[in-house]
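Given the structure of chain P, go ahead and fit chain U onto it with the hints provided.
Protein chains in written order, with this note's numbering: chain P, 129 to 332; chain U, 19 to 233.
Since the hints were derived computationally from the structure, they do not count as laboratory data. Each residue gets a CB set at the ideal place from its N, CA and C atoms; glycine is no exception. There is no bait here: all hints are sound.
Cβ pair distances, simulated, as ranges:
(1) 225(U) with 236(P): 42 to 52 Å
(2) 224(P) with 117(U): 33 to 43 Å
(3) 297(P) with 191(U): 33 to 43 Å
(4) 133(P) with 191(U): 46 to 56 Å
(5) 296(P) with 223(U): 20 to 30 Å
(6) 145(U) with 294(P): 24 to 34 Å
(7) 170(P) with 36(U): 13 to 23 Å
(8) 317(P) with 155(U): 38 to 48 Å
(9) 220(U) with 290(P): 18 to 28 Å
(10) 264(P) with 145(U): 31 to 41 Å
(11) 130(P) with 144(U): 44 to 54 Å
(12) 192(U) with 294(P): 32 to 42 Å
From the structure, some residues in chain U lie toward chain P, with a derived Cβ separation under 8 Å:
(13) 112
(14) 137
(15) 220
Chain by chain, the residues:
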Amino acid sequence: MTIVEPILTFFFYAIVAIAAQNAIFTRALGVSRLVKIVDDGSVELFKFGALLTAVQLISSLLSFFAGRALMGLALPYKSAFLPLVLVLCSAIAFFIVLLILVLPKKRALAKDYVTLLPMATFNCSILGTLLLTSTGGYTLLQSLGFSLGSAVGYVLAVVLVNEGQRKIQNRGLPATFRGLPITLIYIGILALAIYGFSGHTPAI
Amino acid sequence: MKQENSNYLINNMDRLMQRDRIFLNNPVFMQGLGLAPIVVAATTLHNALVLGLGVLLLLTPTRLVAAMVCRGRWPRFRGVAYALTAAVVYIGVWFAENALFGVGMQTVGLYLPLLVVEPIILKRYERTQPERLGTAVRKGLVTTFGFLLALLLVAALRELLGAGTLLGYAVASRPVLPMAQLVSGGFILVGVLAAAWRWMRNLIKRVVSMEANLK
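Next comes chain P alone, as it looks inside the complex:
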């Protein structure tokens, strides 16, 4: 029971973050980046997803302790400093992942990943999740589960919208709706489906 409960908690928060509180469909976190990735078409989704997940998990671990330390300080107006602390955690995660990529000395492989790393690190999905877990009083397991689910949910949303592009970018579509407008309307319809499934709008 003592082992099962934390595992269940972890996966419960991960599943909630993937489905009912999906970063894109319920909070639009990182939607500008998603639109760019889908429009660009040159970003390799697997590599981007792997980097996003790695940065999200490492920064989540760091931000859990950093957030606790900040709240423990006798400092007024802590909310003003919270984004700086969380961005610092993301920056440290950026350098840790960069180090992991550069150390094996496989230059060609590392180059592709390193190019995508800033895009995966300085993303509303990452900071939004860190803000939610820091201000929501999540435990370490809950934070890690929610962060993993948030990253996986974001990547799934990118894949879903990317696949949807093939269906929605056809000749029958009026020219003014092509590109960004139809992508947003498509995401809106998917968001409405998620809203129908969960039945509520999560607090912002």
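Relative to chain P, chain U alone:
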């Protein structure tokens, strides 16, 4: 259209399409930047004012300071420099928002601190060429005004359609489209506005090229 205006538009249309970040190349409706706060938090004009002040105080100073910090050194770490600069500038923004709106700033939730990594604030880091300080200020201000225009338009429409009010004052007996207050409604409304914006832009382009052909 006046002769001199027409001539100016004909001769500079391509340049304007790239540089005019208020209407012809609006950062929100044309480039898809700054969508998260607009789609989720911009449900009332009050929220739009909170977010608008945040972007007004954050975008140009961040761009200016980051342009000074990143003068050609370590181009791979430009993203880190831009994000950390924005997070430091945000401390001042938070105090300004707190002085002006008090607890009212909490109505936008995490979308105010989230501005520090919004692509509308950080997008410039993707270009490796150093930016001149004057250009950083000019482009920062123009992008800010383009964003503010889109933000206020979307917020006013969503408040009117979704709640039947404007700045909290009732202007309709009942909301026409309550869905406009939802995230899904925000996506759809911004999508439709982006299509309308593109239609108007194409119309202007067509009128200008017709006038050019007539001469």
